[in-house]
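Sequences are here, hints too, so could you generate the full structure?
Each chain is listed here by its residues.
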Amino acid sequence: MDVNRKERQILCVLARSVRAVVEDAGLDFGQVQEIRMRIAKPLIVVYNNEERILPPIQRDREGGHIVTREEMRETLEYVSHYSLYAYEQEIRQGFITIEGGHRVGVIGKAILERDRVKNLQYISSVNIRVAHEVAGCADKVIPYITKDRQVCHTLIISPPCCGKTTLIRDLIRQVSNGNTYVKGCSVGVVDERSELGGCYLGVPQNELGMRTDILDGCPKAQGMIMLIRSMAPKVIAVDEIGSPEDIYALEYAMQCGCTLIASVHGRDMEEISEKPVLSDLVRKKRFERYVVLENRNHPGEIRAVFDQRGSLLCCGL
Amino acid sequence: MLRFIGGILIITATTGAGILYGMELQEYLEKLLYIRHIIYMIKGELEYSSAPLSEVFGRISARVREPYRQWLGAMEKQVENREEDAFLKIWMRSVDKYLKELHLKSEHSIQLKELGTYLGQTDGASESRNLQLYLGRLELEIEKVREGMASKKRIGNCLGVMGGIFLVVLLI
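Going line by line, the protein sequences match chains A and B.
Residue 38 is where the first sequence starts when you use the working numbering, and the numbers rise one by one after that.
Residue 134 is where the second sequence starts when you use the working numbering, and the numbers rise one by one after that.
Derived from the structure by calculation, the hints contain no laboratory data.
Treat the numbers as computed from the prediction; the structure is a model and nothing was measured.
Ideal Cβ placement from N, Cα and C applies to all residues, glycine included.
Worth double-checking, as some hints may not be accurate.
What the hints assert, rightly or not - Just a sample of chain A residues kept apart from chain B, beta carbon distances all over 10 Å, derived: (1) 114; (2) 176; (3) 291.
Said to hold, decoys possible - Stretch by stretch, here's where chain B covers chain A in the computed footprint (C-beta under 8 Å, at least three residues): (4) 48-55; (5) 115-123.
Okay, here's the thing in structure tokens:
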């Protein structure tokens, strides 16, 4: 994604005074990973894997720019396009995806209804996570997850902020377009949080390949079944699986002849093997490849690739 | 002969003025009815698609007549470009600028502007309730205008004719 476009997409959701502070800092938006706003706390930017406290415009004050309640309200107005009701579901889950696929995490006071979070009010913290589209970041891993120019059932295991969404996005693009290792085929993407395609008014903002169909904003479990019935994809890709419904739908899709590319939060194979529902799939050897990511020096480092028996295929790519 | 023709002209003119007054009353009622129609469309779009306001305004603007089309189209752009720090400012400014030519009575204009206070601020169910509340108030206003209209029209017509005759008598 063009850095200037990314900069525009991020700046336009910030309150004007915060925008001025960020602009004044002269950041390269290709390196910005997160912008964290907390009421009555300094404005923090995670830049090139390091935290930076941004100074106020008037340099006479010590410390960083302190975020006010009014700035928080204004930012939320911009993030939601003045339409909080339209993002009710997302807010309930704790984040809103904005144009470009950037994720805005929100935290405040939860309103409960029958022990379930109905909504959030008094939003006190916002974390803008900048989406990075790194074309070619899956180049190293693709030879290990393909067989006879067909992609294998693959599970990407990664802790947060290690680049799993970026990797899965590039995998989708390569499988859809095809290359030396994989024959191009139809890919169905269930983009529950609009992170993979970054759809805006129904148009994907990220390049996901020419044979990709995106089901945007749909719960994964329901979406996978809808995709199979409507588009008959060869490959289905989903991000951040976790609930029992997701796992059930995943297994159903596998039994329907679709190849699955999925990602899950976790540190390593052992942790995944202990997860209550997912461990069943590991035991049944449903996934043929496991790609484990880490963020030792930079996001997207491939720590290891395992096959269905748990044998190491490669490490430290 | 000239006096007779002059008298006829005066009576025709005052009768015409009375009829025009009645037509204006009818037009004003139609304006309120059209605003009600637009708010119903906004409510329907919000309930059905839960789309952001910019999309809702964009879709509806294509289906309504001027000046409402321009009003909604301008709001769509302003919301899309995030031109103000609060939606209320966009709504108020647009009502003032694009619906000025409707010459709404101040109470109707204030009620319409007040609607902007609630739009986009709450969850879907509350948005729907707020719009329904406004529609309820608008319905009452429409009823008031409609009730008074028949008698006002009759009075306008009668006064037109009678005023003309009175003038003619005075002048002769």
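Hint-by-hint comparison with the structure:
1. 114: 6 Å, violated
2. 176: Consistent with the label, residue 176 of chain A stays out of reach of chain B, its closest Cβ about 37 Å off (over 10 Å).
3. 291: 33 Å, holds
4. 48-55: holds (count 4)
5. 115-123: holds (count 8)
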